[in-house]
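Listed below, chain by chain, are the residues.
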Amino acid sequence: MNRANLLPRWLVGLLLSLCIVGVVSAAHADEFTSEQAPAPAAAVPAAEAPTARAWSDGSAIPVPAGRVDFGLFQPLRWGVSEDVELAAQPLLEPIFPNVEARVRWLHRGAFSIATWHRLTYPTRLLQTVSREGTLGLLPANTNVPIALGLDTSFLVTVASAADRTRGTFEVGVSLMPRLSAGDPVVLDFPFLYSRFAALSTSGTTYAGLAGTTLLSDKFTLAADARVTLIPVVSRGWMLEQGASITWTPSAHFGLSLGYRVAHGRYPVGVRTHLMPTLDVMFGF
Amino acid sequence: MSSAADRQSHTLRRLRSLAVLGALCACACDPFGTGFDDSEPATLYAAPGATPAPAPTRPLRILDWNIKFGGGRLDFFFDCFGDRVLMSRAEVLANLEGIARKVRQVDPDVMFIQEVDVNAKRSAFVDQLAWLVAHTDLHYAAYASQWRADFVPSDGLGPMDDGIAILSRWPLDHATRLALPLRTDQDALTQYFYLHRAVLRARVQLPGHGDLWLVNVHTDAYGQDGTKRRHIERFQEEMDALDDAGELVVGGGDLNTLPPGTTKLFDFPDTVCTNEDFVADDYRPDAGWLDGLYSRYSPFVPTADYAADNAEYFSHSVDGRGSWNRELDYLFTNGTWVPGSGVVHQDERTGMATMPLSDHAPSSAELELP
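Those protein sequence lines, which keep their order, are chains P and R. The numbering used here numbers the first residue of the first sequence as 1 and each following residue consecutively. The numbering used here numbers the first residue of the second sequence as 1 and each following residue consecutively.
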């Protein structure tokens, strides 16, 4: 039996609804934020915020309203309003159409609660890597099903006084409901496995912790860890951890250097992989 | 006392940190785990509840077989007859059952195998060696990986662990994987993910008959840079070292070249690939490469017998719908073969059809007990 057929329809509906809510929220950002987001008592006025805090950091706190930032390997993020951020990976759009939204629902003092939603179309990317020869990550004869990627996570961020340190807890679910028949697709390439595993299962769930702290006005240290449960194999899981130091001499330019480690149970067994990360970021 | 304990604790912490750093460096320097040491212990296998066979009472029957990772005659992309890359678990187990049936029929005491997958996506992650030691009377094995990568990012192959093995009725020891030179006609990235071939050497202590050393190899097939010749020479060096030490040795494997006295050396009818990466169709440059082995050791098929009828000993064909058309598989010893015992099991004449089981036919011979 195809396990994808076991996908609970109510869960797909819920995820899709949440994705739509994210996008709709962005479309009505002004109206939404004026009703739902009272000015935070302990918020740091934008003018006094450290330069590094102008940059998006994956927490429940969206990028400041009106700001756009992007990196070579990071999504382009747009602060639609104080509480809504839209994002996409423009370079990947031709082969991996994607859009994401971060919606902050609550901001009280040091606490922010948000949801993050992403809608993707993974089929074209998987078809691209189904090829003969170099970079053939999947067999060329793979019949990749038409599918949608639906991701939703719940984010809680706590900021320290003066917002020098932020800690974020997240819990989320990824689904990739199939809209057509196709082969089982397990892309067990390091760092991609957990991101596409939902296509060959009834879904993946994850939880993680992340933190950023300002080392100085121009240097930020970030670290995160996430555990994903991947039912491709019995008791499958993946722990991904990363850290980086970002240098942001201004609100317009940044340089980030770090690493990511993925340690988990693949179909081939438990493996560990390390990857250096480097990014050049721009914002305006 | 307290400061000594503190120092010890501090040292332990530093060692732990170094271990973590070392592991991270290893991940970074060999991110997909494809590398090997020049010499390292082979992986030993034993069937659950295995007990050594009693002392042999007849000549030792030695079998050599390239089992093509349990792929049978599915039309794989590299044969250029089809586009298959991955097998289902059911396909792998069905093919292994055919191989085990042939092994049980030949009833060998020792077996060399090549192209056995122990943890590869293409063969549904079936540990074929563990399966074979559990489903034949050869309950002990030593394994040397030749192609290992957490992920081969080419042709959809993905995770790979394929290699060569020696199976035996008796436990093996001194099992060692000896790295062979890499191909030099590939770019660094291709070479990193490509096969890292090896010689597998092990000893079996025959109850009541002393030691027998075993050497298995699967040499390069497609290189245009003389790598195959270096592999053959290295294989012979291992046999020579044991022979010089006065040991009884049997060496065998898939040498990917033709014996002296072969009449057809190129332009085989089942070669349909046009991609040079997968073409091994002209053996004329290999002339004389096996002379050293043939002059020092006894081949399982005497040269005169082979010269009299090449086709009787053909052991390979790319196309399962065709017929065996070249001999690539060998057994050599510094002992004595039972005259006339050298056989290539091509078809029902030796018990059952083998063409559907692999692109190589098994070869066997009987060794006089020391």
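Keep in mind that the hints were calculated from the coordinates and are not lab data. Beta carbons: idealized from backbone N, C-alpha and C, even for Gly. Treat the hints with care, as some may be off.
Said to hold, decoys possible - Some, not all, of what chain P presents toward chain R, calculated at C-beta under 7 Å: (1) Asp57; (2) Thr128; (3) Glu132; (4) Gly136; (5) Pro184; (6) Phe191; (7) Leu192; (8) Arg195; (9) His263; (10) Val270.
As the list claims (entries may be wrong) - Here are the computed distance ranges between Cβ atoms for each label pair: (11) R/Leu189 - P/Phe169: 38 to 44 Å; (12) R/Leu189 - P/Leu72: 33 to 39 Å; (13) R/Pro356 - P/Ala223: 18 to 24 Å; (14) R/Leu189 - P/Leu278: 16 to 22 Å; (15) P/Leu72 - R/Arg104: 48 to 54 Å; (16) P/Pro184 - R/Asp211: 47 to 53 Å; (17) P/Gln241 - R/Ala188: 40 to 46 Å; (18) R/Thr190 - P/Arg124: 40 to 46 Å.
- Could you work out which earlier hints the structure fails to respect and list their numbers in ascending sequence? Those not satisfied are hints 1, 2, 5, 6, 7, 8, 9, 10, 12, 13, 15, 17 and 18.
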